[in-house]
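> The listed protein sequences derive, respectively, from chains U and H.
Okay, so the first sequence: first residue is 7 according to this note's numbering, each after it adds one.
Okay, so the second sequence: first residue is 7 according to this note's numbering, each after it adds one.
Don't take each hint at face value.
Given that identical chains are not distinguished, each listed pair holds provided it fits within a single copy or across any two copies.
In silico DSS-like links for lysine-lysine, alpha-carbon gap of 30 Å or less [what the hints assert, rightly or not]:
#	residue 1	residue 2
1	Lys176	Lys157
2	Lys174	Lys60
3	Lys174	Lys77
4	Lys121	Lys174
5	Lys60	Lys101
6	Lys89	Lys120
7	Lys60	Lys185
8	Lys51	Lys98
9	Lys167	Lys60
10	Lys121	Lys60
11	Lys157	Lys89
12	Lys60	Lys157
13	Lys60	Lys176
14	Lys120	Lys60
15	Lys167	Lys77
To be clear, the hints were calculated from the coordinates, so they are not data collected in a lab.
Number of protein chains: 2
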Amino acid sequence: MKYPCGAKKTYSNHSIHANRGMTLENDIGQSNDYYLVNNIAVIYKKPTPITIAKVDYPPGTNGIIREGYFKTPSTTDYNGIYKGKYIDFEAKETKHKTSFPLSNIHPHQIKHLKKIEEHGGISFIIVRFSLLNETYLLTTPQLISFLEHNKRQSIPIAYFKENGYILKDKYNPRVDYIKIINQLYF
Amino acid sequence: MKYPCGAKKTYSNHSIHANRGMTLENDIGQSNDYYLVNNIAVIYKKPTPITIAKVDYPPGTNGIIREGYFKTPSTTDYNGIYKGKYIDFEAKETKHKTSFPLSNIHPHQIKHLKKIEEHGGISFIIVRFSLLNETYLLTTPQLISFLEHNKRQSIPIAYFKENGYILKDKYNPRVDYIKIINQLYF
């Protein structure tokens with residue numbers, strides 16, 4: 007389940023479930039803030055796509071949504087610019103210890119990542135194995151190569167170790183993926 | 007007022023008001039679809055940012071938002087990639103006939119456009135004078151130049167005619183802004 011952006015943590019036991027996947031998102035958000043403030047890159051998380059069905063307009067407000075539904079995103083969660091180049095990626099956490107289930111990424115997100123590559127952009131996924139506290143960056147060409155050569159429904163952690171790049175925990179920025187991108191592409 | 011993305015048109019007289027500004031958004035959406043399908047560019051409108059305050063979880067759903075608020079966007083509405091370069095823009099309609107009120111663009115959106123220029127991206131605004139049915143593309147450097155040399159709170163249409171680029175109505179794509187960008191930057 008996706009955690010809706012900006013959601014308050016007041017909606018009872020569901021928030022506990024929803025919060026499980028927050029850490030990587032928080033770490034990437036902190037890193038993006040760091041890149042922005044230090045003029046390194048301009049990268050934002052896209053808002054959660056929502057279908058709005060009903061809005062009330064009490065006086066003095068610009069509308070209160072009273073019925074809305076979470077939509078399946080058609081693209082990835084993050085995009086922006088680094089050194090003039092277009093950057094695009096998806097970030098996921100898993101509680102699995104030995105592999106990353108591909109069901110975590112929608113097929114149209116993979117299609118989107120492929121398109122970005124075709125158009126000369128830089129794209130990748132960031133996957134955190136939260137119980138191991140290990141975070142990897144895997145470029146889209148490496149992801150596609152796996153999909154083309156495997157029938158498996160999950161990517162073994164060994165594949166990340168061999169073909170991806172580890173993102174070590176840091177204080178600031180917490181997930182320094184731009185450092186890896188800089189080494190790989192610039 | 008911003009029209010929430012994907013909103014159904016059922017919420018009575020408010021939809022009439024909200025619909026007024028839909029045409030340019032629809033035209034750009036159609037153009038982005040055209041660019042995507044024809045493998046010219048990958049450009050999407052970002053979802054409307056919403057703060058979610060309350061979600062119900064009836065069985066068989068992945069959550070129904072019961073209380074949500076429209077947030078002020080921190081960036082522009084559109085971004086993506088064209089020929090490897092990062093593209094970023096805001097699109098606005100005005101019913102004014104002689105000038106475009108700058109109050110239509112948030113100060114942090116202008117700051118964002120400036121940042122994109124600093125990082126080597128291509129950014130601009132698209133403004134439609136809906137009662138004249140005239141649509142212009144103004145690059146961020148041209149926008150900044152106006153802001154630096156004028157105390158006015160609106161950009162006269164003459165400035166668009168002299169420094170911007172007219173986007174003529176077409177059948178497909180309806181607003182061919184990539185054609186202008188291609189001429190200017192490639």
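> All hints, please: hold or fail.
Cross-check of the supplied hints:
Taking identical chains as interchangeable, the C-alpha atoms of lysine 176 and lysine 157 are never at most 30 Å apart, the minima being 35 Å within one chain and 45 Å between chains. In this assembly of identical chains, lysine 174 and lysine 60 lie within 30 Å of each other by CA distance neither inside one copy nor across copies; the values are 44 Å within and 35 Å between. In the homo-oligomer, the alpha carbons of lysine 174 and lysine 77 never lie at most 30 Å apart, since the shortest distance is 32 Å inside one protomer and 33 Å across protomers. Proximity of lysine 121 to lysine 174 under the C-alpha cut-off of 30 Å is found in both arrangements, the shortest distances being 29 Å within a copy and 28 Å between copies.
When the C-alpha separation of lysine 60 and lysine 101 is checked against a cutoff of 30 Å, the pair qualifies only between copies, where the shortest distance is 27 Å, while the shortest distance within a copy is 36 Å. Proximity of lysine 89 and lysine 120 under a CA criterion of 30 Å is satisfied in both settings, with 21 Å inside one chain copy and 14 Å between copies. In this assembly of identical chains, the alpha carbons of lysine 60 and lysine 185 never lie at most 30 Å apart, being 44 Å within a copy and 38 Å across copies at closest. Within a single copy, lysine 51 and lysine 98 get their C-alpha atoms as close as 13 Å, and across copies as close as 23 Å, so both meet the 30 Å cut-off.
Taking the closest pair of Cα atoms, lysine 167 and lysine 60 never come within 30 Å of each other, the shortest separation being 47 Å inside a single copy and 40 Å across copies. In this assembly of identical chains, lysine 121 and lysine 60 lie within 30 Å of each other by CA distance neither inside one copy nor across copies; the values are 34 Å within and 36 Å between. Proximity of lysine 157 and lysine 89 under a CA criterion of 30 Å is satisfied in neither setting, with 37 Å inside one chain copy and 33 Å between copies. With identical chains, the CA atoms of lysine 60 and lysine 157 are never at most 30 Å apart, being 43 Å at best within one copy and 41 Å at best between copies.
For the homomeric pair lysine 60 and lysine 176, neither the shortest alpha-carbon distance inside one copy (43 Å) nor that between copies (34 Å) is at most 30 Å. Neither within a single protomer nor between protomers do lysine 120 and lysine 60 lie at most 30 Å apart by alpha-carbon distance, with minima of 36 Å and 36 Å respectively. With identical chains, the CA atoms of lysine 167 and lysine 77 are never at most 30 Å apart, being 33 Å at best within one copy and 40 Å at best between copies.
Of the hints listed earlier, those the structure fails to meet are numbers 1, 2, 3, 7, 9, 10, 11, 12, 13, 14, 15, in rising order.
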